[in-house]
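J.: Use these hints to put chain L onto chain Z, whose structure you have.
Each chain, letter by letter, is given below.
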Amino acid sequence: MTAYLLKRLIIAALTLVLASMVVFAVMEVLPGDPARLMLGLNASADQVELLRNQMGLNAPVALRYLHWAGGLVSLDFGRSYTYSVPVIDLVRERIAVSLPLALIALALSTVIAIPVGVFSASRQGQAGDTLAMGAAQLGVAVPNFWFALMLIYLFAVWLRLVPAGGFPGWNAGVWTALKSLLLPAIALALPQAAILARVARSALIEVLNEDYIRTARAKGLPYRAVLWRHALRNAMIPVLTILGLQFAFLLAGTIIIENVFYLPGLGRLIFQAITQRDLIVVESIVMLLVAAVILINLIVDFSYAIVDPRLRGRR
Amino acid sequence: MKLWKTILAAALLSLAAATSAFAARTDLVIGIPLEPPHLDPTAGAAAAIREVTYANVFEGLTRIGPNSEVLPDLAESWTISDDGKVYTFKLHTGVKFHDGANFSAEDVKFSLDRARAKDSVNAQKQLFAAIDKVEVVDPATVKVTLTHPQGSFLYNMGWGDAVIVSPKSADTNKEKPIGTGPFKFQNWAKGSSITLVKSDSYWGDPVFLDKVEFRVVPDAAAAVPALLSGDIQAFPFFDPDSVSQVKDDPRFKVVVGSTEGETILSINNQKPPFDKLQVRQAISYALDRKAIIDGASAGLGLPIGSHMSPANKYYVDLTGRYPHDVAKAKELLKQAGLENGFKATLKLPPPSYARLGGEIIASQLRDVGIDLEIIPVEWAQWLDQVFTKKDYDLTIVSHTEPNDIDIYSRKGYYFNYDNPTFDKVIADLELTSDEARRKELYAEAQKILADDAVVGFLYELPKVGVWDGKLQGLWENAPIPANDLTKVKWTD
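Which chain is which? The protein sequence lines are Z and L, in order. Residues in the first sequence are numbered from 1 upward in steps of one, following our numbering. Residues in the second sequence are numbered from 1 upward in steps of one, following our numbering.
Bound-form chain Z, shown alone (with noise of 0.2 Å):
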C-alpha cells in the first residue's frame, strides 16, 4: 500500500511539473500584451514599456518561469498584474463561491440520479423507465443557461423567493449566502444528474445480468435488498468516475452559469483573466486546477477500494 501510494505521489508531482511548462508556454505564445491593456489606446510606446518593466515582464523567459514555478513550491502564487493583490487572496475569495456551489450542485446531482437510475433499472424497457430515461434525454439536451433563466424568472422574479443572482458573502449570513447559490446549484445539477442517471441505470443493468444476482434471488433474498445491496454497489464504481469528473468540471467550468446569475466564481475569474492577459493569474490558477483534478482522482482511485473489497487486497 505505501509503496503504491508513494508510486502515486510521484507521478502526481511530476504531472504538476510538466503541466507547469505546458501552462507557462501556452500564456507565453498568447499573442497580447497587458501592459498595454492597462493602459489603453492613448498611451504611448514608451509609457507601455515602463509598465512591462515595472510588471517584470521584459525579463528573460527561463527566468520568468523559474521565478513563477519556484513560487508556486513554497505556494506563493504571485501578484495579480490588474488587481494587484496576491493571486492567492483572489483563489481564495472565489473558492468561497466555487467549492459550496460545486458541493451542493454534486450532492443535488447524487440525489437526483442514483434513485432514478435504480428505477430505471429495475424496471428495464419499462413505461416507468422510458419516461425516467426520456426525462434523462431531455436533461442533457437543455442548455443549462436557459434552464438557469427559466428558473430566474420563475422563483426570483415571479415568486419573489430567491435573489436573481449576486452573491452576497458568507458574512452576510449562511442562509442569505445558502439561498443565493440554491438556483445556480439547481441549474448546474439537472443536466449532470441526467448524465449520472444513465450511468448508473446502465452499470446497475449490467450488474443486474450477472449470475450471482440470480443466486441471491434463488437463496430467497428480496428483490428490494438484492437491488440496493448486491447490485448497486457492485455498479458503483462507473458511478464514482462520472462523479469525480463531475466534480473537477463544478469546480472551475461553469463559467456560464456564473455569468447568468453573476456569482464571482473561479470560471470567471478565468476567464476575465484570460481576457485581461493577466497571465499570472491564469497560469496559477490552472494549476491549482490540476493539483486539484489530480487529488479528484487519488480520492477516486481510494474509493473504488472502499466499494470494492477486492481492490484493497492488491498491493
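Treat the hints loosely; a few may be bogus.
These stretches of chain Z come out as covered by chain L in the derived footprint (C-beta under 8 Å, 3 or more residues) [claimed, not checked]: (1) 47-57; (2) 124-137; (3) 164-170; (4) 255-268; (5) 272-280.
Calculated from the structure, these hints are not laboratory results. Note that beta-carbon positions come from the ideal geometry of N, C-alpha and C, so glycine has one too.
T.: Just chain L now, with coordinates in the frame of chain Z:
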C-alpha cells in the same frame, strides 16, 4: 392612566411608521457590466474605474458636467494670464480626504507632478504634456504654468485621470481609493460588488444617498431579471438589444443618450488599395448607416459623418457628405482601376457593435465588389495586431475618449493617416483659447476627415440607461465615462 398611556404609545408608533414611510430611500444598487481592474483612475485606462469613482470618490481641479461642460470642482475659481500660459487656481478650503488628511495646494502639486513624471503610468499622460511647472502660492492657491497656451487645459483637468490624490494614499488607491468626494469607499467584494457610503466630512453640497453598491453583472441576459426582481435598481449602461424587454414596463425609465464613442470602420490608409482616396470614398458611399445602426445597435445611436459626437458643442453635421449610393461607389472603384473589386480582411474585436456591425458592413461592401474576410479577434489580439503592429486592412471599433479628433494627427497611430493640413489645424487648436475660433477649427478638422474619407464614419455609440422610475439625477449622456451620483435621489 393606563388608557392614555396606551393611546400615547399607539400615537407614537403610528407617527414613527408614518415618518419612515415618507422618508425617501437612501440606498441604491447600480449594475455595471464590467468590473474595474482596480480603483485608481490615475493608473489605468479602463472606463469601469471611472464609472465607479468619478465625481463620487475622486475630484479634480475642474470637472466635466453631464453635458460636457467644464465646471469648477476643487478649484472654486481661476484666472488665466493674458498670454494664456499661467493658470492660477483658487482652491476650496476645509476640504478633507476620506482618511482625514487635509487637502491643500500641496496635494494639487503632488498629483499633477506625479501624473506627468517620467515614470508615470497615467494612461492619459498627454493631458499633462503642456504643463511646465506647478507652484504652491499659498495653501489655497496653486499656479500652473504651461509651455504654450492650451485651449483645452481646463477641460483636460476635468478628466478622471487628472483627479487630486493625497501623497499618503496615492500608492494604495488601487485597492482602497481615498479621495475628497462626497462618497467614500467602503468595501470591494472582488468579482461581485463595490460599496460606497456617504462621506460625513464632505465639503460641498451634501448628497442624497447614504449607500451605493455597484454590482457587476457581465451578462445582458442576467440584467433584465435583476431589474425585474428589484435586486438592482439602475443600469446606466444597458445592452441596447435587451431594451425591448423593459421599455413597456411602467416601473422603469429607459433613457437613450449619447456617448463620446465614435464607432468607425477604421481603414489602414497606407495599405493598397486603401491608400487611394477613391477607394476610401467608395467604401463611404457603400455604407448604409441606417441599416448598420438597426442591426448592430437595435436602431439606437445617431449617424456621424466625421469624428465628433452629435452631442458635442463643436459638432458639425457631415452625415450628408457620403449618402448611401452603390452606383457611385462602383463608379469610384472603377476610377481607381478596381472595377472587378478586390479582397480584404476585416478584423473584429468582441463588442457586439463590431461583431454584428461587421457582418452587415461585409454584405454592404460585397454589393460594390469588395469581398471581405471576417476575422474575429479578442481585445488583447486586437491591441497587439491592429493597434500596435498596424497589421490590418479594416476593423471596427468605438473611440470612446472625449474630444479625441486629434488622434488623426498622431504620428504612428493605427490609421496610418498623414495629412499636414490636418496636423496644422490640430496644432492651431492646441494653441487657441478663443471659443469662436476653436469652433471654426474643430469644424475644419471634421470637414477634412470627411473629405479624405479617412475611415468609414458609422454612428455614435448610444448610452442606453434603464432605471427605476422613481430615481432622479442620473446622467442621460456620457460625455466621459462616469456614473455621477452627486445629484441622484429617490422620489415618491
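J.: Each hint should be assessed against the structure and marked as holding or not.
T.: Hint check:
1. 47-57: This one holds; 4 residues, not fewer than the three required, reach chain L with a Cβ under 8 Å.
2. 124-137: violated (count 0)
3. 164-170: holds (count 5)
4. 255-268: holds (count 8)
5. 272-280: holds (count 4)
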